[in-house]
Amino acid sequence: MKLSAAFYRRPDVVTIARELLGKHLFTRIDGVLTGGRIVETEAYAHINDQACHSHLGRFTKRTKIMYEAGGVAYVYLIYGRYALFNIITNEAGKADAVLIRGLEPTEGVDEMLLRRGLMVASAKLTAGPGLLTQALGISTAHYGTDVTGDLIWLEDRGEQIPDEQVLASPRVGIDYAGADAALPWRFRVLGSKWTSPAK
DNA sequence: GTAGTGATGCACT
DNA sequence: GTGCATCACTACT
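Counted from 1, the first sequence has number 116 at position 116 by the working numbering; the numbering is strictly sequential.
Read the hints as simulated data drawn from the structure, not as lab findings.
Please note: incorrect hints may appear among the correct ones.
[What the hints assert, rightly or not] Listed next, the in silico DSBU-like pairs over lysine-lysine satisfying Cα-Cα at most 30 Å (straight line):
no., residue 1, residue 2
1, Lys193, Lys23
2, Lys124, Lys2
3, Lys94, Lys61
4, Lys23, Lys64
5, Lys64, Lys193
6, Lys94, Lys23
7, Lys2, Lys23
8, Lys23, Lys124
9, Lys94, Lys64
10, Lys64, Lys2
11, Lys193, Lys124
12, Lys193, Lys94
Work out the full structure, taking the sequences as your base and the hints as a guide.
See below:
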């Protein structure tokens with residue numbers, strides 16, 4: 001079952017990030033279906049969280065889309081090379097987001113290998129947020145794409161990840177956020193080799 | 001361990 | 001308008 005806009009428009013972004021584990025993310029880019037099971041996410045909240053691009057009402061061209069109602073993609077370029085894929089949550093004007101960091105490939109693995117320039121499927125295929133976007137064909141061109149549409153969407157396949165298989169830990173690479181960097185808003189499925197390699 | 005990449009945002013004219 | 005510091009990362013040694 002495809003996740004509806006109502007799923008994303010709930011107020012608690014941390015809960016949404018937790019619930020996205022075990023859901024499936026699909027893209028149909030250039031007519032090719034690719035996708036997999038989400039095994040790692042991070043929550044970013046617009047209030048009380050300096051790590052979030054939209055914190056304290058920062059409203060710029062880049063973060064504009066975060067102020068839309070939940071259910072659209074926020075894709076942005078980092079370090080000049082890599083696209084990172086976020087899903088906007090909460091209602092319009094409340095700029096929360098969930099970053100998708102880890103994906104276990106299930107559909108269109110051959111196409112993903114092609115996009116990544118690899119010969120065999122390994123953890124390298126989607127090991128890291130910048131690589132899974134490459135594998136799925138997501139780029140900054142998909143900034144603002146509706147994630148309940150036919151280009152990029154998420155599905156609930158009835159799988160629940162039990163709490164004892166979920167690891168909550170501090171987020172990655174956001175030391176600049178000071179004390180907020182310690183918030184345990186990164187969620188991973190324990191034991192998956194498809195979670196990102198970063199500390 | 002370190003190099004590399006370029007859009008972005010802000011300070012300054 | 002120009003300049004430049006910053007960055008939620010990956011590839012390579």
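A quick look at each hint next to the structure:
no., hint, in the structure
1, Lys193 to Lys23, "17 Å, holds"
2, Lys124 to Lys2, "28 Å, holds"
3, Lys94 to Lys61, "16 Å, holds"
4, Lys23 to Lys64, "27 Å, holds"
5, Lys64 to Lys193, "34 Å, violated"
6, Lys94 to Lys23, "24 Å, holds"
7, Lys2 to Lys23, "10 Å, holds"
8, Lys23 to Lys124, "21 Å, holds"
9, Lys94 to Lys64, "11 Å, holds"
10, Lys64 to Lys2, "26 Å, holds"
11, Lys193 to Lys124, "10 Å, holds"
12, Lys193 to Lys94, "34 Å, violated"
Violated hints, listed in ascending order, are 5 and 12; each of the other numbered hints is respected by the structure.
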